[in-house]
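Novice: Construct the entire structure; sequences and hints are all you get.
Taken in sequence, the protein lines are chains S, V and F. For the first sequence, the positions run 1 to 77 when the working numbering is used. For the second sequence, the positions run 1 to 284 when the working numbering is used. For the third sequence, the positions run 1 to 386 when the working numbering is used.
Simulated from the structure, these hints should not be mistaken for laboratory data. Every residue gets a Cβ at the ideal spot worked out from N, C-alpha and C, and that includes glycine. Be aware that a few hints might be false.
Claimed, not checked - Some residues of chain F that are not near chain V, with every Cβ distance over 10 Å (derived):
#1 V52
#2 M59
#3 S65
#4 G96
#5 R122
#6 Y222
#7 S236
#8 Y245
#9 Q250
#10 M302
#11 E325
#12 L327
Claimed, not checked - Straight line, CA to CA, 25 Å or less: simulated SDA-like cross-link-like pairs of lysine to any residue:
#13 K34(S) to S247(F)
#14 K10(V) to Y245(F)
#15 K235(V) to A175(V)
#16 K189(V) to Q275(V)
#17 K243(F) to P223(F)
#18 K34(S) to E9(V)
#19 K7(S) to R20(V)
#20 K10(V) to I17(S)
#21 K278(F) to E325(F)
#22 K10(V) to E45(S)
#23 K23(S) to C50(S)
#24 K34(S) to P30(V)
#25 K202(V) to T140(V)
#26 K328(F) to E380(F)
#27 K34(S) to L11(V)
#28 K66(S) to D46(S)
#29 K202(V) to K332(F)
#30 K235(V) to K66(S)
#31 K235(V) to Q170(V)
#32 K17(V) to K23(S)
#33 K332(F) to A298(F)
#34 K197(V) to A175(V)
#35 K223(V) to Y36(S)
#36 K17(V) to K332(F)
#37 K34(S) to D97(V)
#38 K34(S) to R21(V)
#39 K280(V) to A298(F)
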Amino acid sequence: MPITIVKEFCKGCGFCIANCPQKVYELSEEMNKKGYRLPRAVREEDCTECGICDLYCPDFAIILEKTKNKKMRKEKI
Amino acid sequence: MSALGENKEKLHPLVAKYLRRERMPHMACPGCGIGQVVHATLLAIDDLGLTPKDTVWVQGVGCSSRITYSTWIGDNIDAHHGRIFAVATGLKMARPDMNFILFTGDGDCGAIGGNHFIHACRRNLDVTAILFNNGIYGMTGGQVAPTSPLGATTTTTPYGNIEDPFDMCQMAIAAGASYVARWRSTDVKSIANSIKKGIQTKGLAFIEVLLQCPTNFGRYVLKTSNPQEVIKWIKEHTVTQQKAKELSPPELVGKYVIGEFIHRPERTGIVARYQEFLKKYMKE
Amino acid sequence: MASGVKPGRYFVQGDEAIAEGAIAAGCRFFAGYPITPSSETSEAMARRLPEVGGICLQMEDELASIHAVGAASVGGLKAMTISSGPGISLKLEGLGWGIKNEIPYVVVDVQRAGPSNGVATRVGQGDFYTVRYGSAGGNSALIALSPKSTQEAFDLTIECFNLAEIFRCPVFLLTDETVGHTRELLVIPEESELKIVPRRKPTVPPEEFLMYPLDNPTVINYPFPNIGEGYGICVSPYTHTSKGYASTAQEIQEKMAKRLVLKVTANLDKLVRVERQKMEDAEFAVIAYGGNARPAMAAVEMAREKGLKVGFFRPIIVWPFPDEEVLKVAEKVKKILVCELNIDGQLSREVARAAKGQAEVYHLGSGGVEPHLPAQIFNEIRRLYS
Chain S
1 MPITIVKEFC KGCGFCIANC PQKVYELSEE MNKKGYRLPR AVREEDCTEC GICDLYCPDF
61 AIILEKTKNK KMRKEKI
Chain V
1 MSALGENKEK LHPLVAKYLR RERMPHMACP GCGIGQVVHA TLLAIDDLGL TPKDTVWVQG
61 VGCSSRITYS TWIGDNIDAH HGRIFAVATG LKMARPDMNF ILFTGDGDCG AIGGNHFIHA
121 CRRNLDVTAI LFNNGIYGMT GGQVAPTSPL GATTTTTPYG NIEDPFDMCQ MAIAAGASYV
181 ARWRSTDVKS IANSIKKGIQ TKGLAFIEVL LQCPTNFGRY VLKTSNPQEV IKWIKEHTVT
241 QQKAKELSPP ELVGKYVIGE FIHRPERTGI VARYQEFLKK YMKE
Chain F
1 MASGVKPGRY FVQGDEAIAE GAIAAGCRFF AGYPITPSSE TSEAMARRLP EVGGICLQME
61 DELASIHAVG AASVGGLKAM TISSGPGISL KLEGLGWGIK NEIPYVVVDV QRAGPSNGVA
121 TRVGQGDFYT VRYGSAGGNS ALIALSPKST QEAFDLTIEC FNLAEIFRCP VFLLTDETVG
181 HTRELLVIPE ESELKIVPRR KPTVPPEEFL MYPLDNPTVI NYPFPNIGEG YGICVSPYTH
241 TSKGYASTAQ EIQEKMAKRL VLKVTANLDK LVRVERQKME DAEFAVIAYG GNARPAMAAV
301 EMAREKGLKV GFFRPIIVWP FPDEEVLKVA EKVKKILVCE LNIDGQLSRE VARAAKGQAE
361 VYHLGSGGVE PHLPAQIFNE IRRLYS
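Specialist: See below:
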């Protein structure tokens with residue numbers, strides 16, 4: 001799966017949730033040690049691996065790894 | 001399988017390769033645009049194949065500097081407030097073979113550091129300077145900056161700012177910098193490309209980034225602490241150079257023009273000239 | 001590449017001797033801003049440094065110079081800047097960066113009459129305390145040397161560079177317009193006769209090296225890695241840990257303050273240099289330094305001719321102040337006359353403190369412009385001698 005969230009780096013800014021074109025992320029109830037509410041990729045199957053979440057996260061808390069699964073992306077186009 | 005990383009030690013590849021693990025997460029406020037610029041910087045460094053041995057991060061004082069200082073795995077040289085360009089001059093002249101990326105802020109570069117900034121541009125010092133323009137003094141708690149918009153309420157302009165903001169890109173161009181550009185924090189790829197171009201250009205590369213400060217600019221000037229709102233405000237107030245040409249001067253008031261303004265790699269600077277100069281005057 | 005040492009006999013100003021001393025010591029970066037009466041040194045460096053492959057820059061202001069000099073040292077070069085009173089005031093913040101981060105370089109103060117711009121072209125001695133205590137925040141020590149002649153200006157400049165490397169700190173050459181502008185003999189020896197201390201590098205790998213030895217506060221001859229050497233050095237104006245990471249912890253602040261003070265005060269044995277003339281049987285001592293030293297010595301000679309048992313004492317390293325040596329003088333004589341070119345009393349205040357009441361301490365001050373005339377000092381000796 002392409003998305004990893006580095007929990008302890010997240011500061012709960014919400015950029016991933018607000019900017020994902022596929023609305024993959026939602027705010028979860030889980031908190032990290034600093035008390036920030038973490039995002040969760042609830043619709044990871046809709047991810048087109050555009051990379052905006054990785055790029056926009058100011059804290060390097062999202063790692064998007066391009067998978068070799070092109071079928072996932074092709075279906076969305 | 002849960003999309004949340006189970007292994008806490010899995011790090012973003014750029015962090016693993018270029019940043020000090022013990023200094024992460026960096027100390028920027030939630031939603032601050034500085035992290036995005038750092039991301040762009042690391043993309044540029046990675047693309048160019050720069051290493052900790054040949055590249056130095058130089059800072060001043062302010063959020064721009066405190067957040068980036070000692071995060072880079074190579075050398076980090078943090079100067080006194082406003083003296084970043086003077087320090088960079090000493091560093092680069094001593095080690096012209098190395099790359100220097102400067103992280104400076106509106107006060108550090110445009111207020112206390114104004115004079116050194118102007119002369120570094122005039123000398124076309126071969127470094128790449130990134131100005132973090134958040135329109136306020138963030139680190140010290142929200143005072144007015146030379147880049148604050150007219151009318152902005154800040155802690156030292158509680159009744160509204162009566163001064164016009166400084167266009168530091170125009171100053172850099174007038175003083176002689178070889179490459180000047182302005183972007184927004186959300187233009188991560190453009191920033192990365194500009195940084196790459198700046199590093200590859202001999203002479204001073206000055207890249208201004210308009211970035212959101214939700215904590216101070218957001219709360220004091222825009223009355224919101226939502227970083228998305230600040231980003232939206234920035235977007236509403238920026239125009240491309242193309243669009244700017246279509247607007248009349250009154251329409252341009254309060255707008256920031258973004259894009260690449262100038263690229264004159266043919267203009268030599270003090271570093272290259274001094275090398276030539278030594279060839280002529282050095283004895284034996 | 002030329003070594004920079006030009007052995008021979010020269011007839012030059014103190015300012016030019018400073019430039020030659022710097023180059024002989026290995027200085028290869030100079031940044032300054034013109035200010036009377038120091039500009040002759042800047043001009044000499046501009047002529048000479050390129051000959052030896054060095055970098056000489058006239059920066060846009062005093063602040064830029066000192067920051068560029070500190071940075072050039074971090075960049076791997078021995079570096080120097082020069083100014084006079086008003087410019088030294090401007091440089092004090094930058095000096096703090098060098099002190100805190102243990103960066104070796106040399107700052108020359110060619111003192112002139114003050115306060116404020118004063119009389120640009122004439123002598124004063126009003127920066128004695130400024131160089132020691134002027135940089136923000138205290139919690140540090142400072143080394144300053146003061147020459148009395150052109151020859152000493154050359155010799156002590158080399159010594160400043162050496163001490164800078166040994167103690168890993170900025171070192172002052174505290175001179176004045178009289179020494180700076182007097183033309184007299186300078187003998188530059190063969191290069192092999194000069195003792196130059198090179199920069200020390202770490203012998204352990206980066207993961208084992210601590211940039212700032214906070215847990216070993218008295219150590220000197222400590223390595224100073226520079227940028228691009230693989231040590232990932234962190235230099236910052238803020239209080240920081242041994243690795244250079246900014247910290248607000250009280251424990252770190254305490255350690256840092258102690259390191260910066262003890263580094264010098266625990267090694268005083270290497271930092272005492274004084275001159276004594278006719279002190280063996282003296283009952284009265286005259287103390288002066290820098291450009292006022294030779295008039296004072298001449299006055300002592302005049303007094304001796306009259307049968308007065310007067311001796312002369314001069315601190316050559318003026319900071320750290322030679323407390324013990326001054327106390328010995330005070331224990332020996334009944335009265336001490338301190339002759340300095342300021343009215344407020346600076347050297348005399350230090351002498352009085354160090355004397356611990358063992359002798360009466362008198363201040364003969366002058367606003368500056370001229371050094372004391374020997375006759376002025378002699379008259380005062382005669383008035384006080386009993």
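Novice: All the hints need checking, so say for each whether the structure fits it.
Specialist: The hints, checked one at a time:
1. V52: violated (7 Å)
2. M59: violated (7 Å)
3. S65: Its Cβ does come within 10 Å of chain V, the nearest being 8 Å, so this is violated.
4. G96: G96(F) not clear of chain V: closest Cβ-Cβ about 8 Å, inside 10 Å.
5. R122: At roughly 29 Å from the nearest Cβ of chain V, R122(F) sits farther out than 10 Å, so the non-interface label holds.
6. Y222: holds (18 Å)
7. S236: With a cut-off of 10 Å, S236(F) comes too close to chain V, as the shortest Cβ separation is near 4 Å.
8. Y245: violated (5 Å)
9. Q250: Its Cβ never comes within 10 Å of chain V, the nearest being 19 Å, so this holds.
10. M302: Correct as stated: the minimum Cβ-Cβ distance to chain V is 48 Å, above 10 Å.
11. E325: holds (36 Å)
12. L327: It holds; L327(F) is separated from chain V by about 38 Å at its closest Cβ, greater than 10 Å.
13. K34(S) to S247(F): holds (20 Å)
14. K10(V) to Y245(F): holds (24 Å)
15. K235(V) to A175(V): violated (28 Å)
16. K189(V) to Q275(V): violated (34 Å)
17. K243(F) to P223(F): holds (14 Å)
18. K34(S) to E9(V): holds (17 Å)
19. K7(S) to R20(V): Holds. K7(S) to R20(V) sits at ~18 Å (cutoff 25 Å).
20. K10(V) to I17(S): holds (21 Å)
21. K278(F) to E325(F): holds (15 Å)
22. K10(V) to E45(S): This hinted pair holds, its Cα atoms lying about 22 Å apart.
23. K23(S) to C50(S): Between K23(S) and C50(S) the Cα gap is close to 12 Å, so the pair holds against 25 Å.
24. K34(S) to P30(V): Holds, because 12 Å separates the two Cα atoms, which is no more than 25 Å.
25. K202(V) to T140(V): violated (35 Å)
26. K328(F) to E380(F): Given that 25 Å is the threshold and the Cα spacing comes to 23 Å, the pair holds.
27. K34(S) to L11(V): OK: K34(S) and L11(V) at ~18 Å, within 25 Å.
28. K66(S) to D46(S): holds (14 Å)
29. K202(V) to K332(F): Between K202(V) and K332(F) the Cα gap is close to 67 Å, so the pair fails against 25 Å, i.e. violated.
30. K235(V) to K66(S): Judged against 25 Å, a Cα distance of about 29 Å means the pair is violated.
31. K235(V) to Q170(V): holds (20 Å)
32. K17(V) to K23(S): violated (30 Å)
33. K332(F) to A298(F): holds (21 Å)
34. K197(V) to A175(V): At roughly 19 Å apart (the allowed maximum being 25 Å), A175(V) and K197(V) satisfy the hint.
35. K223(V) to Y36(S): holds (22 Å)
36. K17(V) to K332(F): violated (67 Å)
37. K34(S) to D97(V): violated (42 Å)
38. K34(S) to R21(V): holds (17 Å)
39. K280(V) to A298(F): violated (49 Å)
Violated hints for the displayed structure, listed by number in ascending order: 1, 2, 3, 4, 7, 8, 15, 16, 25, 29, 30, 32, 36, 37 and 39.
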